Amino acid sequence: MYEIVVSINIGIFVLLALSLNIITGYTGQPTLGHAAFFGIGAYAAAVMTSKWGLSFWLALPAAAVVAGLCGALLGLASLRVKEDFLAITTIGINFVTVAVFQYTPYLGASFGMSVSKPYLFGRPMDNTAFLVLVLVLIVLVCLLSRRIERSWMGLALGGIRNNETAAASVGIDVNKFKVVAFTMGTAIAGLTGAVYAHYMTFIYSTDFAFATSITILAMVVIGGVGTIRGAIAGAILLGLAPELFRFISDYRMLVYGGLLVVMMRLQPQGLLGEDSFLWRRIAPYLGGRKGLSRGGSLSRAGE
Amino acid sequence: MILQQLINGIVIGSVYALIAMGATLVYGILKVLDIANAGAYAIGAYAGLFLYQATGSLPVAFLGAVLFTGLFGVLVQRVLYVPLLDKPPLVPLICSIGLFIFIQDLIRLLAGPHIRAFEAQLPFRGIELPYLSVNAIWIAIMATTAVLLVFLWYMLNRTKLGLAWKSTAQDLEIAKAMGVNVDRVVAFNFLLGYGFAAAAGIMIGMLYNSVFPTMGDMPAYKMLAIIVLGGLGNPLGTVVAGLLIGVVETLVAGYVGFFLPRDAIAFVVLIVILLVRPQGLLGQRT
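Residue numbers (our numbering), protein chains in the order written: chain A, 1 to 303; chain B, 1 to 286.
The shape of chain A in the complex, shown without the other chains (with noise of 0.2 angstroms):
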């Protein structure tokens, strides 16, 4: 039972990893407040389900088109404001949704927000079916980041993410392909809100804070910004974390502050980005796919 709950933490941290590896992995945007849309989605599906009484079956998918909308907003004010203007306004994004949340009543304001079970097939859901729930939106998110990854629009991302204004001068429509890219990667964690909130069955304004959006970074970071392995394996790393350092438990922030520093310092690219120490020694072993990964890392602003 124990084993299933930590696998549906981190099953979500997963897809929330994936949804940000599309915006800040391939096209290269920083986006510091992705908790944001991941609450929009929670808070949208719970107010469908719970106030409106409609199904859940039919808030998920509400839930991500009303996280995507908001994403397409910011992704039009990312055309305007770039780089570390544009980090920093997703912070500023993040604290005011958490505000607006904390802050309106019929949100529950600071006393949280109860959600109600959803039913399938006439029973109430339980963890085994949130399990398989969790792990079919894996799979549908790994299949369309795949599409993405070998399509044309993943090499006009690629090239926004390299070099925007190169990507526009040989016709890439540069404005399309960010709020393209923003809508999928915050849909898709709208979409995982819906689902978390209704896995909880109560949420509080503050699961969507600052700290969860950098969580959420430092998982793509630390795995290997940009490609799907990477954000996989830093969302299961560090969302194992907590149980793995339970036995320091009073020393848990200062090894997870410290482990980022030197993961930093010595293997910027990520554990398994392209060109990391660990990714060169497995990828002979992997063959024929060799080829075909074509993550990359974010290059530097200017250059």
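It is worth saying that the hints were derived from the structure and are not from the lab.
Just so it is clear, the structure is predicted and the values come from calculations on it, not from any experiment.
It cannot be assumed that every hint is accurate.
[Unchecked claim] Cβ pair distances, simulated, as ranges:
1. ILE115/B / ASP126/A: 41 to 51 angstroms
2. SER169/A / ASN135/B: 55 to 65 angstroms
3. LEU266/A / LEU129/B: 51 to 61 angstroms
4. LEU63/B / PRO284/A: 52 to 62 angstroms
5. TYR251/A / MET1/B: 43 to 53 angstroms
6. THR159/B / SER169/A: 39 to 49 angstroms
Think of the CB as a built atom: it goes at the ideal place given N, C-alpha and C, for glycine as much as any other residue.
Given chain A's structure and the hints, the job is docking chain B onto it.
Okay, now just chain B, sitting in the frame of chain A:
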């Protein structure tokens, strides 16, 4: 009343400017968003408090803490930031966030999680007029901030080191090629940047009479809003933005009443202004 609120806003705003100045200097040179600067703020406050309790002299405690934290900054840039300069900007950013978490927790483990009082005895008294009161700590804060900012202005605009700073900020590689001792400029920059954060930490500790391990949380985020508003890496812009946010927060919270908490106001201002002027208030378009 309005005058009183304005003065409140200016006091808070000048401390904001000081908090954000450290991160502005770091960004100006290295183009790194230095969240760990808020850790230096907490380190400074604790160092100041302990030194004050040990020596009983406020100037000694203030200067000692600023120097200690500044040297810590020199260490941080040598060990962490400079080696990460050629990496994508997310790398030093995550590194900085990790360092901030590490510092906060280290302080909690070393000094304990409880709030400590910072009662400073100032040698002069506040001003009490009908409808207007300015207490001694406010005067000390405004005076110290003014002195530090004038000192910074003098350093940047009237000394050779300032010239080296400006050229390094414009282009690190070219400055190096022109014979500027870039390593020294960067080290000095961190000495100053972390020292400023420490000064702000001590003053906020005195202002609210409390010092605690997570005291850096609020400045960590607000500082970012302020340096961005000021145009990222523009010291003058940071002062303007700090004062602006301080005054707007105080006036909005005091008169209009906002449905969001006080600390969210800075970010609402930030988002609105950035959408109109993406390069910040005093930033230049590149």
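Hints, one by one, checked against the model:
1. The hint said 41 to 51 angstroms for the Cβ distance between ILE115/B and ASP126/A, and at roughly 44 angstroms that hint holds.
2. A C-beta distance of roughly 60 angstroms is found between SER169/A and ASN135/B, which places it inside the suggested range of 55 to 65 angstroms.
3. A hinted range of 51 to 61 angstroms for the beta carbons of LEU266/A and LEU129/B is consistent with their spacing of about 59 angstroms.
4. Under the hint 52 to 62 angstroms, the C-beta atoms of LEU63/B and PRO284/A, about 58 angstroms apart, fit the expected range.
5. For the pair TYR251/A and MET1/B, the beta carbons lie near 50 angstroms from each other, so the given range of 43 to 53 angstroms is met.
6. Between THR159/B and SER169/A the Cβ separation comes to about 43 angstroms, which falls inside the hinted range of 39 to 49 angstroms.
The structure fails none of the hints (numbered hints given earlier).
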